[in-house]
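Number of protein chains: 2
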Amino acid sequence: MSGFDMTAWSQAHLVAVEEALQAWVPADAPARLGEAMRYAVLDGGKRLRPLLVLGSMEAVSDAQRPAWMTEAAMRAACAMELIHAYSLVHDDMPCMDNDVLRRGKPTVHVQFGEAQALLAGDALQTLAFELLTPTVSDIPPAVQAQLCGSLARAAGHAGMAGGQAIDLASVGLRLSADALRQMHRCKTGALLEASVVMGALCGQAPASVTAHLLQFGQALGVAFQVVDDILDVTADASVLGKTVGKDAANDKPTYVSLLGLDGARAEAKRLAEQAHSALDHSGLTHTQALQALAAWVLQRQH
Amino acid sequence: MSGFDMTAWSQAHLVAVEEALQAWVPADAPARLGEAMRYAVLDGGKRLRPLLVLGSMEAVSDAQRPAWMTEAAMRAACAMELIHAYSLVHDDMPCMDNDVLRRGKPTVHVQFGEAQALLAGDALQTLAFELLTPTVSDIPPAVQAQLCGSLARAAGHAGMAGGQAIDLASVGLRLSADALRQMHRCKTGALLEASVVMGALCGQAPASVTAHLLQFGQALGVAFQVVDDILDVTADASVLGKTVGKDAANDKPTYVSLLGLDGARAEAKRLAEQAHSALDHSGLTHTQALQALAAWVLQRQH
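So the protein sequences, as listed, match chains U and L.
Each residue of the first sequence is one higher than the one before, starting from 264 at the first, in the working numbering.
Each residue of the second sequence is one higher than the one before, starting from 264 at the first, in the working numbering.
Hints are computed from structural coordinates only; laboratory data are not their basis.
For each residue, glycine too, the CB sits at the ideal point set by N, CA and C.
Some clues are possibly wrong.
Said to hold, decoys possible - Covered by chain L, per the in silico footprint, the following chain U stretches (three or more residues, Cβ under 8 Å):
# : stretch
1 : 266-277
2 : 452-464
3 : 473-482
4 : 520-528
To be verified - Short derived list, chain U residues pointing at chain L, Cβ under 10 Å:
# : residue
5 : Ala-383
6 : Glu-393
7 : Leu-438
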C-alpha cells in the first residue's frame, strides 16, 4: 500500500472539512436560522460523503494538481454534507419519521421548533448550491456548472427526494429485493454515487475512469444502506447516536426483514467486493483512501 | 410606446412559461411526488417572477439575440417560479402559516399530506438548480454558474429563507418601518430583484445597466409587499385566491398596521415611482414590458 496511512489521511481531511463547514455555514443568518443551520451540520456526522469526494478527487489527479481542484473538491465535499444534513433535518420532522434523537443530540425541530427546522433544512439545501458557485473563484465555470447539475440530479426527484417518496409510499408493504434496492439506490445511494462522481469531476477524470468510479459508488451506496438496516436491529442507541429499531416500529421494509440478518450480512459483503472490484478495474493507482472508506462502510458500528 | 402591446406580450410569454413548466416539472417522479410537484406549480400563480426575467433579458438584448439567451432566460424564469412555488408549499404547512387555501385550491399538504408537501417543496427547490444546469446545452457554462449563484444567494439564508426567519421571529412584535422593509426585502424582494438581475445576466448586460435594473427590482420588491399587505386587508378571498385577513389574525406586523391603509397606499405609489425612475436612468430603450409589470404590481387586485 506504499505507506498510505488511512488514519492520518482521514484525520487531516476531517479537520479540513470541519474548518470549511465552520467557515461556510453562516453564524449570522437572521433570527435563529444560522444557529439552527449550524446545529444541524457542525460537530457531528461521519462525514462519509465529504471524504468520498476528497478521496475521489485525489485518486484521479496527482499531487501537483492546481489549487482550484483542491478548492472545488472542498466546496463539493461541504455541499454534499449540507444536502445530507438538510435531508436529515426534514426526515426527522414529525410529519416524516418523527425522530427526537440524531447524532446523540435532540433533533433540530426538538431544539428549535418545527418551523425553524423546516427553514433551516431549506436554507441548507440552498447553501449547498451557493458553495458551488462562488462569486469570485479560479474554479472553471464549466466545473461549477457541472457540479451544480450533478448535485441537483442526485438530490432531486430522480434521486434522494424520489427515494424518500418511495420510502413514504412503501410503509407497510412487502417490497421485492429489486424494489428495495431501487428505493435505496435513490434515497441513500444517489448522494454517495454523486460524491464519488463529483470528486472525479473536480479532478477532471476522463469519462472511462469516472464510469468505474460510478460503479464503485453504486455498490458502496447499496452496501451502506444494507449495513444501516443491520445496525438498526443490532446496534446500541448510545453507539449509533440515534433511535434503534425504528424501521420495524414504523413497519418499514428493510434488507433485514427481507433477507434475514445473515442474508443481509452476506449481501453487504458481496456489494463491498463489487465496490473493490470496480476500483481495481479503474486503472487508478492511488485508490487507498477509497478502498479504506469502502472497508469502513462494511465494518462500521454506527 | 412605439406600438408595444403589453397584453399580447404577456399572453405570449405566459403561454411559453406554462409550456416550459409543463415540460420540465416531472410527471413521472416516484410515488405521488411528481403529482404533488405539478399540483404546486402548474395552472396557477401570476408568474410575475418569470415575466420579470423574460422582460429583463429582452430589455438588455436585441431581437437578433442568440438562441441560447432565450433558452437561458426561460430556464431562469422557470427556476425562479419553482423556488417561489416551493416557498409557498412550505410556508403554508401547519408548522408555518397553517394555510388551507392557495390560488383558490386546497394547499399541497391538505391535498397530499404533510410529508409529501415537505418532500415536494424540497424537490422543487432542487429542480430549480437542475433546470439552470442542463447536461447538454449551448448556454455558456459561466452563465449557468452565475445564474445558480444568483438564485442561491437570493433564495438562501441571506435572502428569502432569512426573511422567513425574521418573519417567524417578529410575530407579535411592533417593528419599525426600517425593520419591516428589511424583512420584506429578504422575504419577497430578494427573489423579485434576482428575477430582474438574472434576466440581465442572460442578456449579458453591462454592469452599469444591471445596477439600474437592480434598483428597479429592489423598489418593485418592496412595492409588491406593500400591496400584498393592503390586499390582505381589502381584498375578497374569491378574487385573492387565498385566505384574507390572516396577517392580523396571526398578529403579524404589516405596512398597513404600521402606516395605516392610506399611508401604505402612498408608500406603494412612492416605490412604484422609484422603480420607474430607475428604468428611466438605465439608458435602455425597450423597457415597456418592465414598466407595465411595475404598473401591474401597483394596480393588481390579487
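Q) Against which earlier hints does the structure fall short, listed by number upward? A) 1, 2, 3, 4, 7
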